Structures are given as C-alpha cells and as structure tokens.
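If you read the protein sequences in the order shown, they are chains A and B.
Under the numbering used here, residues 46 to 393 are what the first sequence spells out, in order.
Under the numbering used here, residues 191 to 501 are what the second sequence spells out, in order.
Hints in this document: simulated from the structure, not taken from any laboratory.
Everything numeric in this text was worked out from a predicted model, so none of it was measured.
Heads up, the beta-carbon is just placed ideally off N, CA and C, and yes, glycines get one too.
It is possible that some hints are incorrect.
Counterexamples of contact, computed for chain A against chain B with all Cβ distances above 10 Å [stated by the list, open to error]: (1) Tyr141; (2) Gly149; (3) Lys186; (4) Asp200; (5) Ala269; (6) Ser273; (7) Pro299; (8) Asn387.
Quick list of in silico lysine to aspartate or glutamate cross-link-like pairs, EDC-like style, CA-CA up to 16 Å [claimed, not checked]: (9) Lys320(A) <-> Asp259(A); (10) Lys69(A) <-> Asp270(B); (11) Lys168(A) <-> Asp270(B).
Beta-carbon label-pair distances, calculated as ranges [said to hold, decoys possible]: (12) Ala172(A) <-> Asp270(B): 24 to 30 Å; (13) Asp276(A) <-> Gly217(B): 35 to 41 Å; (14) Val481(B) <-> Gly214(A): 52 to 58 Å; (15) Gly215(A) <-> Asp270(B): 35 to 41 Å; (16) Glu199(A) <-> Ala209(B): 51 to 57 Å; (17) Val321(B) <-> Asp276(A): 27 to 33 Å; (18) Arg373(B) <-> Ala269(A): 49 to 55 Å; (19) Gly301(B) <-> Ala172(A): 52 to 58 Å; (20) Gly122(A) <-> Val365(B): 55 to 61 Å; (21) Arg383(B) <-> Ala269(A): 44 to 50 Å; (22) Val343(B) <-> Ala269(A): 32 to 38 Å; (23) Ala202(B) <-> Arg239(A): 47 to 53 Å; (24) Gly211(A) <-> Val288(B): 48 to 54 Å.
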Amino acid sequence: MKHTRAAALGAALLLLAGCGTTTKDSAPTATGTTALTADPDAPVKPGLEVAFVPKEIDNPYENLIDRGGITAIAELGGQGKEVGPSEASASSQVSYIATLAQQGQDAIVIAANDPNAVAPALKDAMARGIAVVTFDSDAAKDARRVFVNQADSEDIGRTQVRLLAGQIGGSGQIAILSATPNATNQNTWIGFMRRELADHPGIELVQVAYGDDDDQKSFQETQALLRSYPDLKGIIAPTTVGISAAARYLSTSPRKGEVALTGLGTPNQMRRFVKDGTVTAFALWDPEQLGYLAGHAAAALASGQITGAEGEVLRAGKLGERTIGRDGEVVLGPPTTFTADNIDDYDF
Amino acid sequence: MRDLKWESVLVALCVVVFAAAAVTTPGFAEAGNVAFLLLDHTAVALLALALLPVVLTGEIDLSVASTLGLCSALTGALWDGGVPFETILPVVLVAGAVLGAVNAVLVVGFGLPSLAVTIGTLGLYRGLAYVVLGDGAVTGFPENYRPLATDAVPGLFVPYSVLLLVVVGLVVALVVHATPVGRALYAIGLGERTARYSGIRVDRVKAALYVASGLLCAVAAIVYTLRYNSARADNGVGLELVAVTAVLLGGASIFGGRGTVLGVAAALLLTAGLRNALLLNDVTNEVQNVVNGTLLIVSVLVPAIAQRRRR
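Chain A with its partners taken away, still in its complex shape (with noise of 0.2 Å):
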C-alpha cells in the first residue's frame, strides 16, 4: 500500500515537472548584464549610504575589515555600518542581504560565506540599483560588480608554503587548519598551496581540517592533528581565527617548538606568540585597507565613477588609485610577512 503510494507521488511530480527532462548539462541559465557607462569625475552621491556584511559578526579580523570600511565612507561624507549574522552559515547572510536592499542602502561590501548561497539575495539588491561589492571572499562573479582581492591569491599561497618549508627545513608531514570547507578565498589559496607543494617533494599534505572559523573546533581540530600524526613537522593556518587557535593549543604542549606554525594571523593576535617562540613567522595583509579600499569601491560604484568593468581606474584616497582587472577584480596588494623582527610595528 505504502509502495504504491509512494510511486504515485512519483509519477505525480514527474506530471507535474512536465514531459522534459532538466539535468545539469541542459538547465537553462540567466544571461545577460547590464551595459553601464561611467564618469570617472561623478561626484560622490550625496547621502552616500553603505553596509559592510562580515562573514560573522563576531570575528575580529572581520570587523576591522569593516573598520576600514566605514572610515572611507566616512571621509567620503557618507554614512557607513556593518551588520550581519552570528554564524558564519552559507544561508544566514541572505536575511541581511534582503533587509539592506529593502532599507534601500546605496551599496552593500559583503565577504560571502558562499558564493551561490548569497548569489540571488545579491542580484535582487543590483537590480534594486545597489552597488554590490564583495572583499575578502567573493561571491559568484555575476553577482557583484567588484571583487577587492586581498591580494594575488597565488602569492598568498605560495607565501604561506614557501614560509613553512623554510621552517621545517624543506621536508616533512605537514597539515592545513582551514576555515568552512566551502570559504571562496580559504580553498583558492589551498588550490595555490597544492601546486607550490609540487615543487617540495620532500613535504607530504596529510590532511586539510576544518575549524570553522570557530575558536574552539580550531583549537581541537590542532589537538587531532597532533594526535593523528605524531611525526607532524608543521600546520598552515590560512585563517586569522584558525591560527590563534593554534598556536595557543600549541603554545602549551610538549611539541612546541617542533612543529612548526604558519598562516595568516594579524599581529596583535599573534604577538605573544612569536614572543614565546610558538611561532616564527605568519603574514597577513593590512585588513583595515582592505576595507578602506572597498569602501572607495563602493563609494564609486554607487556614484557612478565606475562600473566594475577592466581597465577602470579606481581613486581609493590614501591608497592611491587601482586599476579593475579582469572580471571586476581589484587588488590590494602583496602580504606582509611578520616575525620578531618587525611584528612590534604594527598595531591591528
């Protein structure tokens, strides 16, 4: 009885889903964007209005991102503010997404947690007129005009391999304490870590955990990793919350000193840690500029002075100009490394 109903309910959703078929390779997909013109010596709007949607509200390096952000705006006579979710789910920023379109917001800098999950939410918003930028982490190419890149991602993780390959002397187990598994940014640099990997053979990946972004998985995803591989040479953290994690769990075991820590932290996080000798050197890019320098990307999309389209020159006030790359992406820069050396002249 229970069978045959169930084959009824089959039959009637495959009536109901018409005579064709949809698989991946036929699915119809949206087209088309908008040609836009720009005035490079628009005025900024007036009222110029600006969200910055971190990829969780609580996390620090998020928030100074953010920082950078709202000051641009700020200096730009506008009014700029962050919100956004407590978890960094793929679906909890849609809320925030569609409540700044209804607000009416002139622009919304968003760092995804998932570049589909974020996707519609955002093309609603730009057909609203918003300005769409994304910072940090990108969403889906077609929905935003402007990706500000922390920098060139193959540098970055080239860098982090090729700082922990000088540490553990060129060979060794070594692992990877990432963020989400699905984070655009964390995965393209492990993409870029795997390559430059290919030139060490000495060095063998053992795993890729996921702590994420959260405080305590981080720190007992670094504990599993210790007890999993007991000849582990060293962990990239390619995360400013998975590092800290790290070297704190590391800072107070027996293996301290022997494996080595490297990855993207900011210093203040980092400083007593390098003191300490846990760690020896970390980079990272300034994530106020980043901000800062979105903030202008939004400032000018908004107004009106870009498009979003390659070739592009972007005025970014104290950092001087950008030119838009290829697919709307603007780089900030190449990233700092920091050790004992330098770490106690930076304060972020």
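For chain A, the structure is supplied; the task is to place chain B on it using the hints.
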C-alpha cells in the same frame, strides 16, 4: 480552552508586532518585504509542521534538520551526477521517507526513547550528508525550477513556496484537528497506555508520523536547496532548535497531548515578523537572540503560571 487562550495571545502579539513594525519601520509593510520574511521561514516552518504531530504524541524528532541536510546533499550529488531534476525530486522524497522510517524502526520497533534515537540520527544523518557530498557545494540548479523556491506567484505577492507551505499546513491541520488519526495523536500524548487499551494502534500511528516527518523534511530540503541555489552537507544546521522553538512557542506541550497547527503558525509568523523588523532597524543578532529566548521562556512560563493559579 487553555490552548485557545495561549493562541489568542500569540495571534494578538502577531497583530501588535506587525502593526507596530508597519508604522515604525520604513519598508516593512511593503509586499516584497512581507513575501521575503515569509520565504525566509518557509523551510523551518515545514520542519516545524513535521515535528508538531510527533510532539503531540509525546515523542520528539530532533533529526529534522539533519534529514534536510542529507536530502539536500543527495539532491546535490544526483544533480552533479547529471541526473534529471525530474528524477531527483521523487528520489529525494522517497529518501526522506526512508530516513523517517529508520527513526520509526528504532523508536517503535525497538521501543527506544525517541530523544536518544533522534539525537543519534541527528548526528548520523549529518555525517552521512558529508559522506554523500563531501565538503563542497553543488550549485547551478535549473532556472526553470529555482523560481518555484524564490519567486512570487504571478499576480500575487505570495511566493510559490509559501503557497506550498500553506497547503502543507492546511493538510497537517486537517489531519491533526479533524480526523480520527488526529484525535489518536492527542490520546497517545495524554496517556499512551489508555490509548492502547481504547483500541488505538499506537505503534502504527507513531511509525507513520516519523515517515511523514522524513518526507516533509525532504520537501523542506528541496525548497531550501533551490532557494539558496546551493546543495551542501551543512544546509540547515541548527534548524531543529528553531523548529522546536516554534512548536513550543506555539503552545504545544513537550510532554504531548497539547498543541495546534494554528499555534505553531502564529508562533512562526511572530518570530518571522519580529526578526525582520529587528533586522530592518539594525538591531544586532545578540539582541535578537535575547528577544527570541525571552519569548520562548515566557511561552512556557505563562501557561504554567495560569495553570497553577487555577489549582
């Protein structure tokens, strides 16, 4: 009687919240915004509707969000494998029913406590979701189906998926409040042994509830996947708590025997309206959590106090 009183309070609260938000918050009362706030809660409302009948019998199903996750992962894996979407739909619905049946076998067949069983399957199904799809996300669902989860019915401001939700809600309400099966649910919740003696086939009813719950979770999974155009193993993480909150805030007793679809619907509408109004006013997440937590405690506290007074 007591149930009706609490529901009246909820409905009144809904009216107050929506009216206050419409007056104080620019943009709140627009059709597009109301459609959006409904859309934002469709998946969780489906989970709550799956959960309510189970709770009425005094049992629980904490695996609803994990079932959604596994069904979403399955949708993604099949789509990625080139399976036509028309085939994926029935397969995923059947899969949801099978996952519900597993709960049914463990709870009814083996007589295990549903709390323990569904905490177990909560973890198990989520784990299997990662086995099925891994850490990645599948996207690019067809443009001819996606509007069903995102767009409004032409001419109406109500999205298709909200319409689906209303239909599902009416069906659940009909079954729960107007059929012998529905009366059996309350009877089981009020006293399983008495229900058995009075000829109610308790085991069959409970088993059917878990299967139906799994099926509804699969529907929610498809809606969720299409809405975000993203099939992932972690879809819907934590939604079981939101669903439980809606059911309890709606006036259902966690011990069974009390609760209505109207109450759950009012609770969902209230939380959806509140959340949207708070978001539009830039109220932070922390404050939203405080508001929701307070609402839940009040919803448990007020009927309890009223009951004590009467004694």
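Against the structure, the hints come out as follows:
Separation of Tyr141(A) from chain B is inadequate, the least Cβ-Cβ distance of about 7 Å not exceeding the 10 Å criterion. At roughly 7 Å, the least C-beta separation between Gly149(A) and chain B is not larger than 10 Å, which violates its mark as non-interface. With a least CB separation of 13 Å from chain B, Lys186(A) remains clear of the 10 Å interface cut-off, as annotated. Distance check for Asp200(A) against chain B: the nearest CB is about 25 Å away, which clears 10 Å, and the non-interface claim stands.
No beta-carbon of chain B is positioned within 10 Å of the beta-carbon of Ala269(A); the least distance is around 16 Å. The claim that Ser273(A) lies off the interface holds: its Cβ sits roughly 18 Å from the closest Cβ of chain B, which is beyond the 10 Å cut-off. Consistency note on Pro299(A): stated as away from chain B, and its beta-carbon is indeed over 10 Å from all of that chain's, at 31 Å minimum. The beta carbon of Asn387(A) is kept farther than 10 Å from every beta carbon of chain B, the shortest such distance being approximately 35 Å.
A hinted pair counts as satisfied when its Cα atoms are at most 16 Å apart, and Lys320(A) with Asp259(A) does not qualify at roughly 24 Å. Proposed proximity of Lys69(A) and Asp270(B) is supported: the alpha carbons are some 7 Å apart, at most 16 Å. At most 16 Å may separate the alpha-carbon atoms for a hinted pair to count; Lys168(A) and Asp270(B) exceed this at roughly 24 Å. Between Ala172(A) and Asp270(B) the beta carbon distance is about 28 Å. The supplied range of 24 to 30 Å therefore holds.
For the pair Asp276(A) and Gly217(B), the supplied restraint of 35 to 41 Å is violated, since their beta-carbon distance comes to about 59 Å. Between Val481(B) and Gly214(A), the C-beta spacing of about 55 Å keeps the proposed range 52 to 58 Å intact. Checked against the given bound of 35 to 41 Å, the beta carbons of Gly215(A) and Asp270(B), roughly 38 Å apart, stay inside it. The given range of 51 to 57 Å is respected by Glu199(A) and Ala209(B), whose C-beta atoms sit roughly 55 Å from each other.
Look at Val321(B) against Asp276(A): about 28 Å separates their beta carbons, and that is inside 27 to 33 Å. Remark: the range hint 49 to 55 Å for Arg373(B) to Ala269(A) is upheld by a beta-carbon distance near 51 Å. Checked against the hint of 52 to 58 Å, the C-beta distance between Gly301(B) and Ala172(A) comes to roughly 55 Å, which is consistent with it. Hint check: Gly122(A) to Val365(B), Cβ distance near 60 Å, so the stated range 55 to 61 Å holds.
At roughly 47 Å, the beta carbons of Arg383(B) and Ala269(A) sit within the given window of 44 to 50 Å. Between Val343(B) and Ala269(A) the beta carbon distance is about 49 Å. The supplied range of 32 to 38 Å is therefore violated. Judged by the Cβ atoms, the range 47 to 53 Å given for Ala202(B) and Arg239(A) is violated: they are separated by roughly 59 Å. Roughly 53 Å separates the CB atoms of Gly211(A) and Val288(B), a value that falls within the hinted 48 to 54 Å.
In the structure shown, a violation is registered for the earlier hints numbered 1, 2, 9, 11, 13, 22 and 23, in ascending order.
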